[in-house]
Every structure is written in structure tokens, then in C-alpha cells.
Amino acid sequence: MERATPTVRWGILGTGQISTAFATGLTVLPDAALVAIGSRAAATAGAFGARFGIPRRGQHASYDALADDPDVDIVFVGTPHQRHLDCTLRCLAAGKAVMCEKPFAINTGEASAMVAAARNANLLLMEAMWMRFTPAMVEIRALLAEGSIGEVRMVSADLGFRASEGRPLRLFDLAYGGGALLDVGVYLLSFASMILGTPTRLASLATLGDAGVDEQAGILLGYDGGQIAILSTAIRTGTPVVATIMGTSGRIDIHSEWHKPTVFTLHRDGHEPRRVERPWHGNGYNYEAAEAMRALRAGELESPIVPLDETLAIVQTMDHLRAAWGLRFPADVARSAVRL
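Under the numbering used here, the sequence shown is numbered contiguously, ending at residue 340.
None of these hints come from the bench; they were simulated from the model.
Just so it is clear, CB atoms sit at the ideal spot from N, CA and C, and this is done for glycine as well.
Heads up, some of the hints might be wrong.
If you anchor each label on the Cβ, the simulated ranges turn out as follows [unchecked claim]:
| no. | residue 1 | residue 2 | range |
| --- | --- | --- | --- |
| 1 | 41 | 164 | 22 to 32 Å |
| 2 | 165 | 324 | 17 to 27 Å |
| 3 | 16 | 147 | 39 to 49 Å |
| 4 | 240 | 299 | 20 to 30 Å |
| 5 | 165 | 21 | 32 to 42 Å |
| 6 | 165 | 257 | 19 to 29 Å |
| 7 | 257 | 150 | 21 to 31 Å |
| 8 | 211 | 272 | 22 to 32 Å |
| 9 | 145 | 51 | 36 to 46 Å |
| 10 | 151 | 242 | 36 to 46 Å |
| 11 | 31 | 237 | 38 to 48 Å |
| 12 | 299 | 164 | 45 to 55 Å |
| 13 | 145 | 300 | 41 to 51 Å |
| 14 | 167 | 52 | 39 to 49 Å |
Modelling step: build the complete structure from the supplied sequences, incorporating the hints.
Listed below in C-alpha cells is the structure:
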């Protein structure tokens, strides 16, 4: 049964770039109210709150304070990677639904603890993989479901950019879960998973830089039906940022930047190519927020578009890749990653 309350009251943990983008997305949703911002410093929370007109901007100079706010229905966790576990568990313990920014967790141990806590508390938890909720990606899934390009046999995608060496610091710091895989490679793995499911085979090569993080990698995923995903990710190399889904009777080209798509081209055997434009309303983050609110009102504990078991499988695949590269984070000591 859906909740009677028409407005969903949001709190945000963290005041960085991703939290700013999410708060901006909420402004176009008439049934969403951003009522609280939590930060480790009152001044930072105050500045963020003033920008977005948030009522409780000076009251939450800690993450705990926001988690305990009785007037917050759901929390967006937009903190750095290494804080996702603690922040999510704290909010769940306070009875709050949670949408956690990607990557969901540093490793499988953390992700499993988060999912178990949500299920034990009967609370909504979902990964904020905003790419999946955009109008273009929704239509692409529909086209695949109706067999527009036949059976999908291969997926290729890249996502890389050239960051200044050592900047921003979080990208090059092992303590922050730095590197290409957790920052942008997770988009690639989620994209492949959305189309082909969980891989049963994988091969990869990665370049670890002076800071010890993966600066670029090539990833090959194999599936029981013989399908293949070819992926490349980087934080020190710019890439075209395009994706192609190849089937037995056509293909879909998702143009740059494919992970925030507004246009794609459908190629079907025997037909002229069809360019499809699906512009956004808002900045794109509003679509994932709307799905979280829909699920919350419906009393659902996870979103069927990003189910928790799939989120866990993607984190596990990242663990397998890092194990093959010899890439370990400090968090792996506390909450073990998968060991091959």
C-alpha cells in the first residue's frame, strides 16, 4: 500500500559535487522536499543549505545528527567512497531509508553488511546508479526486451578521462578507494550487468600508477551463453565515452557521453538507422530520486531497476578484478574483499 504523505522528505549526507548534483535534481520534483543537510562541519552544512534553501542547515554538524532527525524520510549518502558503509549503517539503524551513491561499497564485505542491515530492518536501500533511470536508458531496455536487435551477443563501452596527476586527491588515494574502477569503471560494469547479467568469466589488464591505484584498465567479461562484454576505463587517459550493444539482427550505438545518454542510434537489419533523442527534464539525477520515492511510497525494500543482489554481484566482480591486479584498499582489512 502506498503512503498517504504526498511529499517525500529528503536528507543529504555530504556536501561535495555529487551531493550538489543530487540536490539540484530534487528541485524539479514537486513531490520532493530537501529538508536537511548533514556535514562534519556546521559552516559547510550552512553554506550548502543556504544555496538550496534547506530548513535544517545549521542543525546537523555531524552525520549522526541528520540520521536521527525524525522529519527525514530518506537519506541520500553522497559522502566519499570509504564512508558509504558507516553512513548507510548509521542511517538504517535510525530507521531511515537510504539511497547510496555509487560505488555502493568498497568491497563485498561492506556491501553485504549494508544489504543485510536493510533487510533485517525492512527498510528501502538502493544504489544511486543514476545512468539506469534516464529516459534514453529506459527506452534502450525496452527495445532490448522486445527483441529489436535480436539476441544480444556483445557489448562494448569505454569511460575514461585525464585527471591531473594526483588531483583530485580522492582519485589517487587508496584510503578513499581511489582509481578508475570504483570511480567510473563501476558504470561500465553496471551497464554490462543491466544487459547481460552477472559474468561467469573475466580477464583484465590494469596499469597501477605511482599512488598504487588503477589508472587505466581493460576488462573482458564472459557469460554462460557465450556473450562478451569489452570494457575500458581510465582516470589518466581520455576515451571516446561511447557504447554499443550488438545483437543478432542489429545494434544500438549510444553516443558520447553514453553514461548520461540523451541520444542513441538504432540500427536494425533491413531498416534505415533511426536516431532517437531523449532529452532530460532536470539534470538527470531527478530520475533516480523519483524511483526511490516511488519505491518508498509503495513499501518496496529495493528497486527492481537496481536490485540489491545485482548491486552485490557488481561489487563482487570489482573485488575479483582488484584481486587479479593486486590492488588492495585499507578497507579490505576490516571488511574482506573476495579472494580468488
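**Asked** Could one say that the CB atoms of residue 211 and residue 272 fall in the range 22 to 32 Å?
**Response** 49 Å, violated
**Asked** Is 45 to 55 Å right for how far apart the beta carbons of residue 299 and residue 164 are?
**Response** 46 Å, holds
**Request:** With 17 to 27 Å as the target window, see if residue 165 and residue 324 comply at their CB atoms.
**Result:** 25 Å, holds
**Message:** 38 to 48 Å was suggested as the range; check whether the CB atoms of residue 31 and residue 237 agree with it.
**Reply:** 42 Å, holds
**Request:** Look at the Cβ atoms of residue 151 and residue 242 and judge whether their distance stays inside 36 to 46 Å.
**Result:** The hinted range 36 to 46 Å is violated for residue 151 and residue 242, with Cβ atoms some 22 Å apart.
**Request:** Take a look at whether the Cβ-Cβ distance between residue 145 and residue 51 falls inside 36 to 46 Å.
**Result:** Holds, since residue 145 and residue 51 (Cβ atoms, about 40 Å apart) stay within the stated range.
**Item:** Status of the given 32 to 42 Å range, CB of residue 21 versus CB of residue 165
**Value:** 25 Å, violated
**Message:** Verify the CB-CB distance for residue 165 and residue 257 against the hinted window 19 to 29 Å.
**Reply:** 23 Å, holds
**Distance restraint evaluation - residue 167, residue 52, Cβ atoms, bounds 39 to 49 Å** = 27 Å, violated
**Request:** Can you let me know if the beta-carbon spacing of residue 240 and residue 299 is within 20 to 30 Å?
**Result:** 43 Å, violated
**Request:** Determine whether the Cβ-Cβ distance between residue 41 and residue 164 falls within the hinted range of 22 to 32 Å.
**Result:** With Cβ atoms ~26 Å apart, the hint holds.
**Prompt:** Does the Cβ pair residue 16, residue 147 satisfy 39 to 49 Å?
**Reply:** 42 Å, holds
Going through the hint list in order, the structure does not satisfy hints 4, 5, 8, 10, 13, 14.
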